[in-house]
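Asker: Turn these sequences into a full structure, and let the hints guide you.
Number of protein chains: 2
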Amino acid sequence: MRVPVELSKAYRLLNHGPTVLISAEFGVQRNVMACAWAMPVDFEPPKVALVIDRNTFTRGLVEDAGRLAISVPCVAQARLVTLLGTHSGHEQDKLSAYDVQVLEEPAAHSPLVAGCVAWLDCVVIRRPEIEQAHDLFLAEVTAAWANSKVFSNGRWHFGSGDDKLRTLHHVAGGHYFATGAEVDGQH
Amino acid sequence: MRVPVELSKAYRLLNHGPTVLISAEFGVQRNVMACAWAMPVDFEPPKVALVIDRNTFTRGLVEDAGRLAISVPCVAQARLVTLLGTHSGHEQDKLSAYDVQVLEEPAAHSPLVAGCVAWLDCVVIRRPEIEQAHDLFLAEVTAAWANSKVFSNGRWHFGSGDDKLRTLHHVAGGHYFATGAEVDGQH
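As you go down the protein sequences, you meet chains G and R in turn.
Just remember that my numbering sits 72 ahead of the position in the first sequence, which is counted from 1.
Just remember that my numbering sits 72 ahead of the position in the second sequence, which is counted from 1.
To be clear, the hints were calculated from the coordinates, so they are not data collected in a lab.
There may be inaccurate statements among the hints.
One copy or two, either will do: identical chains are not told apart, so a pair holds if it fits within one copy or between any two.
Stated by the list, open to error - Restricting the straight-line Cα-Cα distance to at most 30 angstroms, the calculated cross-link-like pairs of lysine-lysine (DSSO-like) are:
#, residue 1, residue 2
1, 236, 221
2, 81, 236
3, 236, 119
4, 221, 119
Computed from a predicted structure; not experimentally measured.
Answerer: As C-alpha cells, this is what we get:
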C-alpha cells in the first residue's frame, strides 16, 4: 500500500544510494528516464541533487516544467529500468513503448511510476551555472510516498519474502546489485 | 591486493551508491569523515559530487588543500564508519582516536584509509556558490585503486566468502545495508 512519508524522513528513501527513475511532464508531453546519479543534499526541507544529461528528452521537460518526480524502482523492474536508461524519449514515447503505468496520485505534480517502492515529488531549484557546466540539478522534495510493505515508520525493512521489492544499485551495462543484508554499525 | 583502476572505469566504484569516507590533509592536519551523499557526475574525466557540511573539520582541510580522497569502506568497517560520522575532528584527532591507518601510496595526494575496498584521489573543482548554498562540492578523480579481491577488470565481484568486504549503504543512525545480490537487468 502506498502511504505518505513525512518530509523529515524523505532523505532515507535515497540515502542508501539506489538507482532511480526521473520523470517529468510539460503540456501534453511526459517522459521517464533511469538515473544512477541522484542523492540527498539536505535533510529538512529535503533536497536532492541529480544528473540529467543535456541530451535526454527528460531534460527539456524538467527545464520547462520546473518540476520532476523521482521513483525508486525495485528488483522486479530491473529490465524496465535498463530499457528506460538506454532508449530516449527523443525517439519514442517510452511510457507507451514500455507500458509504464503512472499512479493516480492527485497530490503529485509529476508522473509517479507504478510498481516502484518509493516516490519523491520535487520542485527544481534553479542553478543554471551547474546545470550548464555539469548537467547537475538541485531540487526540493515537496511530497514523498513509499510502499508500506518495505518502508514504514521512517525505515526500510526488506523481509525475507520481499526480494523482488528490494531496491536496485546500477553498476554498468544493465548490471545491478540489489540492496542487501542489514548491517548494524552501532555496536 | 590494491591495484590501480583505469580512470574511465573509476565511476563504477561509486555508481552503486555506497557510503564513503572523505579524507583530506593540509599542513600537519589530517581528518576523515563519513559521507553517504557522494555520487559520480561524469564518466571521463571522472568527476564526483559530494556533500561536506560546513560544520565539519574536514571541510576546512578540503578548502585549504583543494584536494580530497574518497575511500569506499566495507562491512567489516561499519562501526568505524559510524564513529567517523558521529564524531568531529574539531574535538579530537580521529585518526589516532579510532586507530585509522593510512595507506602508503606515493601517488596519492590525500590520505587513503586502509581496510577499505576502493579509493579515489580527487582535486576539487571550485564552485563557491554551491559550496556556500548547499555544502555541495565537485571534484575530479585523478587516480583510483581497488582491492582486486572484490573489484577487477572494471567490475565488482563480491563472492560468497566476501561478505565482510561488501560495500555499505547507510540509511540512518548507524544502520546500513550491505551491497547485495547481483541482478541482471538486461534480459
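Asker: It remains to establish, for every hint, whether it holds in the given structure.
Answerer: Going down the list of hints, with the structure as the test:
1. 236 / 221: both (12 angstroms within a copy, 28 angstroms between copies)
2. 81 / 236: Answer is both: 23 angstroms inside a copy and 29 angstroms across each meet the 30 angstroms cutoff.
3. 236 / 119: within (28 angstroms within a copy, 32 angstroms between copies)
4. 221 / 119: within (25 angstroms within a copy, 36 angstroms between copies)
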